[in-house]
Amino acid sequence: MKLYVYCLAEGVPKLRETPPGVSDAPVRIVEFEDLSAVVSVCRSDAFQITRKNALAHHEVVRSFTQQATPLPARFGTLVTIEQLRNYVSTHRQAIKAKLAQVHGGLEMNVRMIQTIAGTGSSQSSGNEPMMGPGTAFLLEKRREIFREQGGAAQKEQLSAWLREKLGDLIKEEKISLVPSETIILAKADHLIAREDVHEYRTKMAQAVEERPEVRFMVSGPWPPYSFANIELEFSRPFGVS
Amino acid sequence: MSDFDEILVGEEWENTDLSLLETLDHVLNRGLVIAGEITISVADIDLIFLRLNVMVSSVETAQEVLRKRELAE
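In order, the protein sequence lines correspond to chains L and W.
Under our numbering, the first residue of the first sequence is numbered 93, with each subsequent residue one higher.
Under our numbering, the first residue of the second sequence is numbered 39, with each subsequent residue one higher.
Okay, chain W solo, but in the shape it has when bound (with noise of 0.2 Å):
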């Protein structure tokens, strides 16, 4: 087992929630941009969002967690 297995993303975190904002953080707002845009159909209309829509829609996965941590407390 390599030294990135065994220390998984978070692994030390005991709420995994925030383990997952992270990861979202991670693949939502960082990493190599190669196109601007997303492509994403619906009934076989192409329909561009712009990078804004992506965070937006990671806010609102954040909010999601948020709202369910404080229900959960």
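Okay, chain L solo, but in the shape it has when bound (with noise of 0.2 Å):
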């Protein structure tokens, strides 16, 4: 037997009304102490990756959300009774430390498209005269790098540029630029209490009107899925040393 999971919480021993999880099995909480695990017990290991599996994780997140703010487990996350205690014992004081960090939170989610005029200046012309393997690697390097640059540089101007328009309704922040040559394409997660929702669309929708020749994609309010990740994961990739 397994444990669907589907977020961790903290001091919240009993469930409201909760949709049923994927497979349509029902929601429970589990308590480790002081945290809480709400799961559903799978009873065999079949589990499907499919949509409508996906959209139930969602929807109990999402419900106990109302409840208290949690940290969201990604979908498909199926663990013994066991991992799951070793991971609240062994994981305690950065979950509460997280949890801490996302009370009372929402997460909010800006997506912005822009096209880059006269792209020509990094790219090969393609008139180059003959070169070595070496130079071609080390013009490459080069334009990978300066490419570095712009985007750092750009993610600090648009976080400034945020932070200038929503001011102190950010609690947390994180930006990401997708590099390309033709467009920028910027997310911007942000972590806003949750009595700030209307403030927050508010103030984008204004800062909107401010730059037409960008396309904005306003989101949420979400769970926290993008402040729940604990910075210990991920420091061996797939726990293989």
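In short, the hints are calculated from the structure, not lab data.
Computed from a predicted structure; not experimentally measured.
Just so you know, even glycine gets a beta-carbon here, dropped at the ideal spot from N, CA and C.
Please note that a few of the clues may not be correct.
[Unchecked claim] Now the stretches of chain L that chain W is said to cover, found in silico as 3 or more residues with beta-carbon under 8 Å: (1) 161-167; (2) 170-180; (3) 253-265.
[Stated by the list, open to error] Here are some chain L residues the structure puts well away from chain W; computed CB gaps all over 12 Å: (4) Lys-106; (5) Ile-121; (6) Arg-154; (7) Glu-199; (8) Gln-298; (9) Ser-311.
Work from the hints to combine the two standalone chains into their complex.
Structure representation (structure tokens):
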């Protein structure tokens, strides 16, 4: 028997009404002292990666978030009770610190797409004289460094702009850029207080008006999926030393 | 009704496919990683799928949604 894990929380001994979980399984709470895990019992190891189950996972987490802000688990987390107990025991302090960080918060996301004008400068012209593989490699590395430096500067600019527009609403922020020669795709994830959702959306709507050259998509509120990870994770890829 | 109830995830988006993609992005690519793998049984044989496979699955799902959108337009 395994447990399918939806999220972790603190000080929530009982569930309110919750939608059915993955594979329509009932959802319940398992307590580990003051920490709780929202789980379903998986009677066999069979688990389907389907859209329906992914959405069921989200609906359970979303429903629970109305009760308390949890640390959502990633879709597909199947563990034995011993594995879950060990995980909570080993990461207890980190989990509590993360829960304190997201307490009373929700996640909002902003996606921005901007087309870059005049993109030829950093690209190969195709007219370079014949060069050896070493020179070509170094030239490509140089372009890569320029792109990285440009990306870091753009991230800082974007962060400063969003902070100017949203001010103290942002409790925590994660910004990432997807580099491309022709467009800038930027993603900003914000942790905000749940009572600030309306103000956040109002201020973002005003900010969007100021940047007609950029396409924006604002979504949320979400459970704090983007702020749930504990820094200790992935210190070893897939647990391999 | 709470504030969270009132503002359904992605409700302001006219295109529900985009909302679905955002939801899948959250549940598949973010969140707490308690175990580095998920286990799927086929014919009573446990198969181990690493996280990477889950992400591949999400991309496939996303592509399917995008294909449907293109056909609808």
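Practice prompt. Examine the region 253-265 of chain L: at least three residues should have C-beta closer than 8 Å to a C-beta of chain W.
Written response: violated (count 0)
Worksheet item: Should the label of Ile-121 of chain L as a non-interface residue stand, given a Cβ cut-off of 12 Å to chain W?
Response: holds (16 Å)
Worksheet item: Under a C-beta cut-off of less than 8 Å, do 3 or more residues of the region 170-180 of chain L approach chain W closely enough to confirm the stated coverage?
Response: This one holds; 5 residues, not fewer than the three required, reach chain W with a Cβ under 8 Å.
Item to complete: Please settle this one: Glu-199 of chain L was flagged as non-interface, so is its CB more than 12 Å from every CB on chain W?
Response: At about 8 Å from chain W, Glu-199 of chain L fails to clear the 12 Å cut-off, so the statement is violated.
Fill in: Check on Gln-298 of chain L being off the interface with chain W, judged by Cβ distance over 12 Å
holds (15 Å)
Discussion item. Please check whether the beta-carbon of Lys-106 of chain L is more than 12 Å away from every beta-carbon in chain W.
Written reply: holds (18 Å)
Worksheet entry | Ser-311 of chain L non-interfacial with respect to chain W [C-beta, more than 12 Å] | violated (5 Å)
Fill in: Whether Arg-154 of chain L stays farther than 12 Å from all C-beta atoms of chain W, as the label says
The claim breaks: Arg-154 of chain L does not keep its Cβ more than 12 Å from every Cβ of chain W (closest is about 7 Å).
Item to complete: Examine the region 161-167 of chain L for residues whose CB is less than 8 Å from any CB of chain W, and state whether their number is three or more.
Response: holds (count 5)
Violated hints for the displayed structure, listed by number in ascending order: 3, 6, 7 and 9.
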